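Trainee: Chain residues, written in single-letter form:
Protein chains: 2
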Amino acid sequence: MVGEGGVEGLSMRKLAAELDVNPMSLYHHVESKDALLRGACTAVAQGLALPPDDGTPWQEQLRALAHAYRSIALSHPALWSYVNSHPDLVEQEEGMWVVFNRVLVAAGVPAAELLRIRTVLYTFVSGLLTAEAVGLLAELDPAGDAETTFDAAVDLILDALEARAT
Amino acid sequence: MVGEGGVEGLSMRKLAAELDVNPMSLYHHVESKDALLRGACTAVAQGLALPPDDGTPWQEQLRALAHAYRSIALSHPALWSYVNSHPDLVEQEEGMWVVFNRVLVAAGVPAAELLRIRTVLYTFVSGLLTAEAVGLLAELDPAGDAETTFDAAVDLILDALEARAT
DNA sequence: ACCTGAACACCGTTCAAGT
DNA sequence: ACCTGAACACCGTTCAAGT
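So the sequences go chain by chain: A and B.
The numbering of the first sequence is this note's numbering, which starts it at 16 and goes up by one.
The numbering of the second sequence is this note's numbering, which starts it at 16 and goes up by one.
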């Protein structure tokens, strides 16, 4: 909500100015700039629309999870890149990891490899979204449409998982 | 070389202090802090060991390229994360993209999909390396070894490419 | 309990002045 | 051609003092 403007141009002083208040008054409601950003991150993370555990095939659920994640990530690119450089914040996304596990198990990933595969797939998607958020995607594939590229990426992951299951 | 110490704690003033010189003297040799960082980035990028075009199978060449990239990326994590948020710097890695193209063509990727596949694979690997550089990898998969995780990731990509080729 | 002004220790960068 | 000091417009944060 605050970082809506630019990227990381948020400053306590500007924020205070926008709120018509003394910069130092902020420190009565938040411990530090980092604490404020963390709060904002967990707030937007709440908006992640996790696919329910109905009977739909795992492929569809994985696709749904990926798109839900893309949706919130790109809704606040600045905050998301902040999350991505703060491991503890990523790990804190409890619900997501639970759903991710469930889907991968359904996909036939053996328990011994679950953590590794999950981590690899998460960082893969995370890398693509970072590229999109930062404008790298448009630079590397100017003719391509971001959404279809994302779909292609998810397809590629599904291919790999299915190849691995057999 | 300069950013060896921490992450982005490099400041023109500290750098000048370390060089026992007036902070403002630096601006006679470099246009700005950004220009300096760009210079450093292209300097380390020179060290990328591209796999030669001998007859070795594309799988091996792709693996070699991936590991070479990981090697320079992790040798200067701070600079690399700087590169990753500056699309023009990424694109500038001419030689790498040429080799990447050659390998993907050898892997049977049709010309029409080359750019998209290449972009997706690059951002995938980039995401994993970012996770490793920032400590996210260790947090998400504490028991895992970073190198074997990277190998697994490359294997997954090879699986997907092979599945796609048939 | 909340707010405030002054202050501290930093930034990147400009610019006029020196050698 | 190179260096320099002072200055500008910023940061996040502390702290003593106010209401």
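Hint data in this document are derived by calculation from the structure and do not stem from the laboratory.
All values derive from a computational prediction rather than experimental measurement.
Any given hint might turn out to be false.
As the list claims (entries may be wrong) - Straight-line alpha carbon distances no greater than 27 Å define the calculated BS3-like cross-link-like pairs of lysine-lysine that follow:
{"hint": "1", "chain 1": "A", "residue 1": "K48", "chain 2": "B", "residue 2": "K48"}
{"hint": "2", "chain 1": "A", "residue 1": "K48", "chain 2": "B", "residue 2": "K29"}
{"hint": "3", "chain 1": "A", "residue 1": "K29", "chain 2": "A", "residue 2": "K48"}
{"hint": "4", "chain 1": "B", "residue 1": "K48", "chain 2": "B", "residue 2": "K29"}
{"hint": "5", "chain 1": "A", "residue 1": "K29", "chain 2": "B", "residue 2": "K48"}
Trainee: All the hints need checking, so say for each whether the structure fits it.
Mentor: Hints, verified against the model:
1. Straight-line distance between C-alpha atoms of K48 of chain A and K48 of chain B comes to about 24 Å, which keeps the hinted pair within the 27 Å bound.
2. A hinted pair counts as satisfied when its Cα atoms are at most 27 Å apart, and K48 of chain A with K29 of chain B qualifies at roughly 24 Å.
3. For the proposed pair K29 of chain A and K48 of chain A, the alpha carbon gap of about 12 Å is at most 27 Å, so the pair holds.
4. A hinted pair counts as satisfied when its Cα atoms are at most 27 Å apart, and K48 of chain B with K29 of chain B qualifies at roughly 12 Å.
5. Pair hint K29 of chain A plus K48 of chain B holds up; C-alpha atoms about 24 Å apart against a cutoff of 27 Å.
Checked against the numbered hints above, the structure violates none of them.
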